Each structure stands twice: as structure tokens, then as C-alpha cells.
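J.: In case you want the letters, here they are:
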Amino acid sequence: MLEDGSHKFPLFYFFRRQEMSLKENITSVRTFFLWIPRESIIHKLHPITKIILMLSLGSSIFILSNPIKIFFILIISAILLIISRIPIKMIWKFILASTGMISACVIAWMLFSIEAGSTIYFEKYIEIIPNKWIWHIYITENTIFKSLLIGIKIISMILVTILFLTTMRDREFIYGLRKMHIPFPLCLATSLTFRAMYIFRQDYQTVKEAMMSRGVDFKTISIPKKIIQFSRLFIPILTLLFKRAQEMTLGVEARGIPLRGGKYSLYHDIPIKKIDYVFILSIFLILLLIFYLPLS
Amino acid sequence: MSIIDIKNFYWKYLGSKDYALKNINLKIEKGEFIGIMGPTGAGKSTLCLAIAGLIPWVLPGEIKGDVIIDGMNTRKYSMKDITKKVGIVFQDPEIQFIMMSVEDEIAIGLERMNLSREEMIKRVDWALDIVGMKEYKDVSPEELSGGQKQRVAIATMLAKQPEILVLDEPTSDLDPKGKMEVFSVISNLRKEFDTTIIMATHESEKILKFADKIIVLNKGNKILEDYPEKIFSKIDELKSIGIRPPQIIEVCNKLGCGTVLTIEEAEKVLNKKFSLKNKEHYQKIDFLKNNRKPVIEVQNVSYIYPNGFKALENVNLTIYEKDYIAIIGQNGSGKTTLAKHFNGILKPSNGRVLVYGMDTRKTPISEIAKKVGYCFQNPDHQIFSNSVEEEIAFGLKQIGLSKKEIEKKVSEILKIVGLEEYRYEDPSFLGKGQRQRLAVASILALEPKILVVDEPTTGQDYAMIKDLMNLLTNLNNKGNTIIIITHDMQIAAEYTKRIIIMRNGRIVADDTPLRIFSNLELLSENDLEAPQITQLSIRLGFIALNNEDFIKIIKGE
Amino acid sequence: MSQTEEVFKRGVSWMHIVTFAIATGVSAILAIYAVFAVPVAPFPGVSGLYFAAAIYVPLSLWLGMWGPLAGYFSCVILGFATTPFGPFSFVWSLCDFFEGLIPLIAFKLFKVDPELKMQRPGVTWALFGLLVLDLILGVVSYALTWSEVFLASIFLSLIIVILMGAANPKYWKSWIFYAIFGIIGGAFGSALFGIGTLVLGGFAPAEAFWVGFLGWFIGDVLVIGTIGTILMIALTPRIKRTPIYVRGWFS
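So the sequences go chain by chain: G, R and P. Taking my numbering, the leading residue of the first sequence gets 315, the next gets one more, and so forth. Taking my numbering, the leading residue of the second sequence gets 8, the next gets one more, and so forth. Taking my numbering, the leading residue of the third sequence gets 303, the next gets one more, and so forth.
So here's chain G without its partners, still in its complex pose (with noise of 0.2 Å):
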């Protein structure tokens, strides 16, 4: 456990117990999502804020094919974590689990692309098997070109991910959902989906303790019978989970929730500030500009 409440390991980032500390006071909070308080405009704004955000700067990034006007949008995310006061190396702790997979991204675009160019920088012929596989490499300007902007791609939506995990809490997705007139079955299953989750990794550990104790050891059996333990692992979870969807549905049914129909009060009736409108109009103001700048 690190000092500001993170794991030391970024990549088992569900489920940490993560520390808040408010003027000195420490309680400890378990979200699903990365969600780390803070007092900041971007913790305030309303979840339907920061789901249009985090869907408007990923549907850019998808868009864009000007790694320029996509490095905007990296400015821009960046610029908003440090608003939001999320730790700088919890970021950079992300970046750099995810660099692996960006490396081998960018790697394998260089080596597997043909995109043809004016400057061949290299270029080499490599017959894996005689007369059928032969592995043309071939980098051009372009090839690069093309690297760098899925590298720039995948960075920029890390960081849009991490922005949008950070500020918001589970809990505020679903109200941000229900506020958005989702029909309730669906808002309600997404809290359950994130409960499922919970129970069923609690479930896959004592699971898994039960058949160390009948002597099964994971980690000196070969693959053959790894796979067939983890198979055997899976009989008492899903039977247990699919139990408890039984038992869950009486949880449900007994509190009177009709299915289909029915008018629905919100407790959570999150107003929607101005500094909300202001925001959303912002973004789309800076991405229609980022859109239309004549960059080649």
C-alpha cells in the first residue's frame, strides 16, 4: 500500500481499499471504480457531465486521425487531471503498465503494416515457413506515421479512462444513468453487475483456498491439469452465483419494484449546475475547434 491509498501493483486496480484523507480525517472507501476523493470542479461536476466527457473526448480520439489534434486531446485530458488533483504518479504508475501493451502496439504496426512512402527505412524479407509465410517488413515514413498515431491513440485514452474512473464513483454512475431516464431494470442491473463482481472474486478466493485444502497445489501441476482445477473451480462459483441470483431476485421482488411500468421518485436528484452547461459546452466548443484546425 502506497501513502496516497494506491496498490503498489496498478494493473490489480479493482478493488483496492483506497485511503481518503479530509482534512486529517482517514476513512476508507471500496469503490469498483478507481475513484479517489478529492476536492476538485472535476469531482463536483454531475455524473451525466463526466459521462458525456469521457464519451466525447473517446469518440475523438477515435475519430481524429491527426496525431496533432489527438495530442490536443492528451493536453487536454492531462489539463484535467491536475484540476481534478489526481496524483501525478498514480498516472504516470498506469502509463507505465500500460507501456507493454503501447510498446507492443506501436511495435507490431511498424512490423506488420505495409503503407507505402517516399523514404523506405528499411525494408527486409523474413521466410518463417519456405514458400508460404514470408514476413515482409517494410517501414516507411508512414509506417511510422501510422505507429506513432495508434501509440498517441492509446495514450490519450488511457488517460481519458483514468480521468473518467478517478472522478467518479461507482454509485454516481448509476445515478448519472438513472438521471439520464435509463430504464430502471438496466440501472439496476449495472448495480448488480458491479456487486456480482465483488462477490464473485470473494467466491473465486475461498473457492480456490477449498481446493488447496484438499491438497491441490496451482502452482506445481502441469497446464493440463491447471486447466482442468480451474474448470473444476468454476462448478461450486457459478453454481453458488447462480444461487444467489435466486436469492437475489427475492431481495428485489420483496421491495416492491415492479419490472416493467411504474413512476419513479429519484432520491438522488443531482441538480444540473450551470458550471455543469458551462463545461459541456466548453468541450465542445475546444473539439469542434480541434476538429476543424486546418493541421495536415
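Because the hints were derived from the structure by calculation, they are not lab data. None of the values given here were measured: they were computed from a predicted structure. Take these hints with a grain of salt, some might be off.
Quick list of in silico lysine-lysine cross-link-like pairs, DSS-like style, CA-CA up to 25 Å [claimed, not checked]:
1) K539/G - K416/R
2) K198/R - K129/R
3) K413/P - K540/G
4) K300/R - K354/R
5) K226/R - K167/R
6) K358/G - K144/R
7) K577/G - K410/R
8) K241/R - K280/R
9) K493/G - K167/R
10) K540/G - K404/R
11) K419/P - K539/G
12) K522/G - K167/R
13) K198/R - K226/R
So these bits of chain P aren't anywhere near chain G, every CB distance computed over 12 Å [claimed, not checked]:
14) K419
15) L439
16) A454
17) L458
18) P471
19) K475
20) I478
21) F495
Here a beta-carbon is modelled for each residue, glycine too, at the ideal position from N, C-alpha and C.
Please build the complex by placing chains R and P on the supplied structure of chain G, with the hints as guidance.
T.: This is chains R and P only, laid out in the frame that chain G set:
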């Protein structure tokens, strides 16, 4: 008019061969507290579900007869209408949470009641206040203990202000403190709001204190309905169907003092009837450490979970051959964490654990599993196979026995646990008690010298508890070391020879049951309670741990 | 006294929604873990051993359309959580929708019982193993344009499937449909759509299509063929006896 009127009610689950409820007739008046008791499979939960309207609206099956809730026939009114009158709390606190925070959990049921937001906020606060959970409003369910979750579940129902609250074994998964919390909330509800309470439970001592009437079910039939004192006076009948009567009542009945309901009453009556001066208390066989070999040595062990939670702190413990130990303490005290170190599932963060001299940090779990068998609380977590036979054979295959040896061993074990007739059955279709026995059997097959059983009695009826504890006692008599983790003080006192109390990751007491349960101050500090009979005996000037010893001492035998 | 009434809920109920949500949660966790455990470069979000696929097919055969939907949404969660796709995840995730949909349609249209019972377990498992290896050989030979080997592997797989049916004559339909649509069909459709959309979406070079397709297809065949089959054999009889089992499409 009664608030609940059940007339000639039958219910058969879809796919089931027999009716789960047969010809139930029952009238419950407003404000009554009704206890529903019976062995596992008697139909208690089914009756709760029928009163809550979940039968027939949610569960498919065959129905006959009527359940009328405040004039509404549950077959004709929808769940929306029924849930305005009836709230239900289930046994498993985990499955009752569908939202991501305590207040959302309560509010979700209010949102479709066409209440204003202010009214909803008021009700949420009010409900949380009643159950004493107001400061946990923003907390997510994963942060709560079992008792807290159950209190929130009660608050969830309370917020709708139902006239009837049905509770299906709400305390069976809870520690003693959690149980008290739940009962205390329910008691307040009755006093303040005149809520009709229907509770299915195995906790005879607690239900005796609170219930106005008790209904006893067996195999789907209602066999008894009367005041608690009259029900519990039928001791032999209750025991024959698997209900454990309160110790005080059983003992006073056997001593010819009639039906006595409270410890105070029993003290008066027994003092009057018997001369209780200079009574020698029964000393259970003290463990003679010097003559027995240590089998598990826990040396300065601390354990920190990956999330930073320190579950064990500098624990030192030696377990000897043929020990019969109960580890007791509140939830979160470190009992299960400590027990998981015994078979190497968990490795100490500091210190070491030696099992027959093997350091668990350096020895593969498969080796330790040959010496230490661990039985989990929920048998469903450790049942992997399609048949009882395969399940028992699973562990034997891991250690490389031949087919013939496996078959022989399986037959032996099935006989020991009494599951021979279920040899080829799919375990998921066995009853809970049978699955628990299967879980124990699958561990026993490996012939571990040490057997750890986590909460062997949760949700079990008296007959099943007795069977299982007798099995463990026989194993101990044959030379096995038995370690149980339990919240059942009566079981710990009656069967075991050594008690370890844990609190906040440390061992706070390690002694004989006699010395532990006679130290009421120690128990109170750790939110524990001595068995009823022990509390009574202390008042009378001696110490007895079970009914038989108590009677012998009183009679001077 | 009222007459006996059979109460059998028809139509979609909370039971289906709750089960779908739980299935989605479980699949999402497996998907995320698989992508981190066995990634396939240069394809973000692709795993060489996609454990979640092992439960997509069984879920579809047990839960009807809720199964493919659980697969779809679990992949959307995977997309947002671990890949740079963003909203593109909504399109790409259809690959996992198809993985469950293909066997579901086949089983429902031809009214095949999903319960995989074995009359000759030893022979069946051996044939299964051969089928998995043969499928891998077939795809590799196609990628390498070894037409003779490819044709031979197709022929061999047909023989193996027929033999599996012959080894379990009472349940031949279940086994053959499961082999063809559950394993081959699901994995093929999923791999084709999955890698295809990545290439079309500009997240992978077209020249690497076969590398990606092979990795995806082989991984899914292995996982569904082993873990998925074990789950089908062990759990189908249990689930069929619960109200969770969907006999129709949605209920």
C-alpha cells in the same frame, strides 16, 4: 380480523416431489411476535416467503389455499400492494444488497412509492436511526459486518413502514454481538410501532424471551402452536424433531421444577427445592500438555492482508495431539485467518507456523493437506463434483491412490458420515446438513490427523448439530486433533476441551471450558456469553457446562 | 377451499435481469483477467486464452439471449477498462455477442438439448482432444495456404464429430451441435468479427489480421473445448432444474 390469516395452505415447488407446506392454518393478530421453529427442511422459509407474497408471485410451483394479509389475498394482489404491508429480511445478509451504498439500498424501495424527495430522505434517516446505522449512510456494503448488513436490511424494510416484518433466520450467520443487535432492534420495533413480527429461527433461548407465540413445523406440517412456555415444556417431542429447547427449561423440567423460563426464576426455584451448599463443580478433563506432542506451533505470527488490514498480531499458540479446541470471538477477531495458517492457505507475514515440524512457508500445501484438513463454513464452496462418490474421491485422486483403494476408502467414509444411500446423488440436490457432512467426509477421506471445521453449526438444526459434533467427538476419541471455529457457546462448552478466545487479531484467553465460561467478566469484555446453564450454575454457586453435569451436581451424583 | 393452481411465471421477470447482471459481472472479471494474463500483441483487448469465452457459450445455452447479452456487456466493460477503444467498444464487443448467439440459435432452432451426457466418457474425451488439435491445425494450414492439409483437417474434423455422435448415440445431437456451433462456430464468428472490427477501426494493421485471428480462434477453441465443456457437463443438469434455466429465447 387477524392481520394474517392462512387457510388450508399447500405449496409445492416446481420440480419437487412433495409439498413443502401442507394444510397450514394460522391466524396472527396485529402486534404479535410469532416465532417459527422446526428442523431444516420443515418449511419455515417457505412459510416466510408465502407471507411475504414471494410465493406465489416469484417462485413457480403448485398452490392450494389462501394467505390473507390484512384483508388482501396474496394470490390476487400484486407484490407492489403486498410489499406495502409486509417487509422481509433474509438469512444471508450478502444477497440483500443490490445497491452501492447503505442509503441507496434503503431509498430504492421508496422511489416507486410516489413520495417526495424530502419524505424519502426523512424516512431513510429515520430507518437508519432506529437500527443505529445513521453514521454508515454513505458506506458501501462491502465495508459492513454481517450484523450491520442485517440491520441495514431491516432498515430497508422499515423505511416502507410495513405493518408486518418477516425475518427468515436473520441471525444464523451472525456472531453473538450481531445477534443481540438484531434482536434488540426488533424488540424496539415492537415497542415503538406495534409491528407484527414473524421470525423463523433456531435460537430457542432468544425467541423464548421475545415471542408471544411459537409455531413448530415439521415436514411441511404445523405440529404445534402455543405459548413459548407450553411449547418448550414438550422437551422430548421437540428434541425428537430436531429442535434444541432452552437449557434452563430442559434442566428444570428434568429436575421436576415445572416450566421455568428465565435464569432468575430458575435460581429461585432450584434454591428452594435443593440444598445447593458446597456443590463441587465438574471439572472437564484438563489437557495434560506435558504428555502430548505439539502438532501445530504458531510462533510470533502476524498477518497483514494485501489491502493492509492487520488480521493477526504477534500470535503464539501450541496445539497438541488429541486437542479438541473451540476458537471463539467476534467476527473480524482473526479466528478464520489464524485457522487458515494451520493448513498453509495463508502464510504468515511475520513469524512462522510449524505443522508436525514442517514450516508452512516452505512446505507445499499439498503436503500439509495430508496432515491438516480444513472444512469451510459454507459447504457449497468446496463441492466440485457431480456425485457424492466423486466428491469424496477427489482428494484421494490428488494424493495418488489407486482406483481400488479409492473405492474402498469412499465406502468407509460414507458409512462414517451416514451418506451411503446418497453415493451416486448430485451433491447440489442434497439438503444443507447432508452437504455439510459431505464436506467433512471429503476432508476425512484424506485421513488428516488434524481437522479444522469452520462454523460447523451455522444454519443447522439441533439434530444435525448433534450428529456432526458426535462425529467430531468420535474422531477426537480415536486420536485426531479437532479445531472448530464457532459462535455457538453451548457447543463449545459441551463438546470441546480447550477454548481459545480471540479479539482484534490476538489471543486473549486460552484455557479449559470450565475456566473460560466461569469467567463472566472475560466473556463480557469480548462480547461473548456463557451458555445459559453455566450462567445459572454460577448463580447457584458452582459451575456446570452442560445439562447433564448440571443435573448430576444438583442431585449430588 | 381453493383448487390447486400451477403457478409458473412466464415472460421476462426480475430473475432474468438479476441473473443477466450477475453473469455480466462474472464474465467481465474473467475477461479483464484474461487480457492481462495472456495478451496478444498488437491487438489491445485481445487475449490468447480468453477464459470468459468458456462461460459465454454455456451461459447462452442456459440463459437464452441473456447469455450473449452478458457476453456483450462484459466485453464493453473490458473495452472501457483495459483498451483505448472508448465508445468503439460498443461495436467491437459484438464479437462476444456472436460467440454466444451462434450456438444459441443453432440449439434453439433445431430444438437440441444442451445437456451433454456421455455414454463412453473415455472415448468422448479422446475424440474431443483430437478435434481441438485438428481445428488448430486446420486454421493454421488455411493461414499458411496449405490447401491439402486444410482439406484433410476439414475431412478429419467431420469424421471426429461423427465418431463423437456414434460414441454417444443417445445424445449424438447435443454433442455434434455443441462441437460444430458451440466450439467451432462461436470461436470462428467471434474471432472474425473481433479482429475484423479492430482492423477496420484502425486499431490493428490489416497485415496482422491472420496473426490476430489465429490467436483468437485457437485460444477460444482451447478454452471452450476444455473449460466450457467441463462446465456444460457438470452444471447443465443442475441449472435445468432451477427457475434460472431459460427454455425459450428470453424466458
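J.: Are the hints correct? Go through all of them and say.
T.: Now the hints, each set against the structure:
About 23 Å separates the Cα atoms of K539/G and K416/R, which keeps this hinted pair within 25 Å; it holds. Pair hint K198/R plus K129/R holds up; C-alpha atoms about 21 Å apart against a cutoff of 25 Å. Taken as a hint, the K413/P and K540/G pair is broken in the structure, with Cα atoms around 34 Å apart against an allowance of 25 Å. The suggested pairing of K300/R with K354/R holds, with an alpha-carbon distance near 23 Å, which does not exceed 25 Å.
This hinted pair does not check out: K226/R and K167/R have alpha carbons roughly 33 Å apart, beyond 25 Å. Among the hinted pairs, K358/G with K144/R is consistent with the structure: their alpha-carbon atoms are about 19 Å apart, no more than 25 Å. Between K577/G and K410/R the alpha-carbon distance is near 63 Å, which puts this suggested pair outside the 25 Å criterion. With a C-alpha separation of about 22 Å, the suggested pair K241/R and K280/R falls inside the 25 Å cut-off, and the hint holds.
About 23 Å separates the Cα atoms of K493/G and K167/R, which keeps this hinted pair within 25 Å; it holds. The hinted pair formed by K540/G and K404/R meets the criterion: a straight-line CA distance of about 15 Å does not exceed 25 Å. Annotation: proposed proximity of K419/P to K539/G holds, straight-line Cα distance about 22 Å (limit 25 Å). In summary, the hint linking K522/G to K167/R is not supported, as the alpha carbons are separated by about 40 Å, beyond the 25 Å threshold.
Taken as a hint, the K198/R and K226/R pair is broken in the structure, with Cα atoms around 34 Å apart against an allowance of 25 Å. No Cβ of chain G approaches the Cβ of K419/P within 12 Å, the least distance being about 17 Å, so the stated non-interface status holds. Residue-level check passed: L439/P sits 14 Å from the nearest beta carbon of chain G, beyond 12 Å. Every CB of chain G lies more than 12 Å from the CB of A454/P, the least distance being 16 Å, so the non-interface label holds.
Residue placement check: L458/P keeps its beta carbon more than 12 Å from all beta carbons of chain G (closest about 20 Å). At roughly 26 Å from the closest C-beta of chain G, the C-beta of P471/P stays outside 12 Å, upholding its exclusion from the interface. Remark: the non-interface label on K475/P is consistent with the geometry, its nearest Cβ contact in chain G lying 24 Å away (cut-off 12 Å). For I478/P, the shortest C-beta to C-beta distance to chain G comes to about 22 Å, beyond the 12 Å cut-off, and the non-interface label holds.
At the 12 Å boundary, the C-beta of F495/P stays outside the reach of chain G, the nearest C-beta of that chain being 18 Å off.
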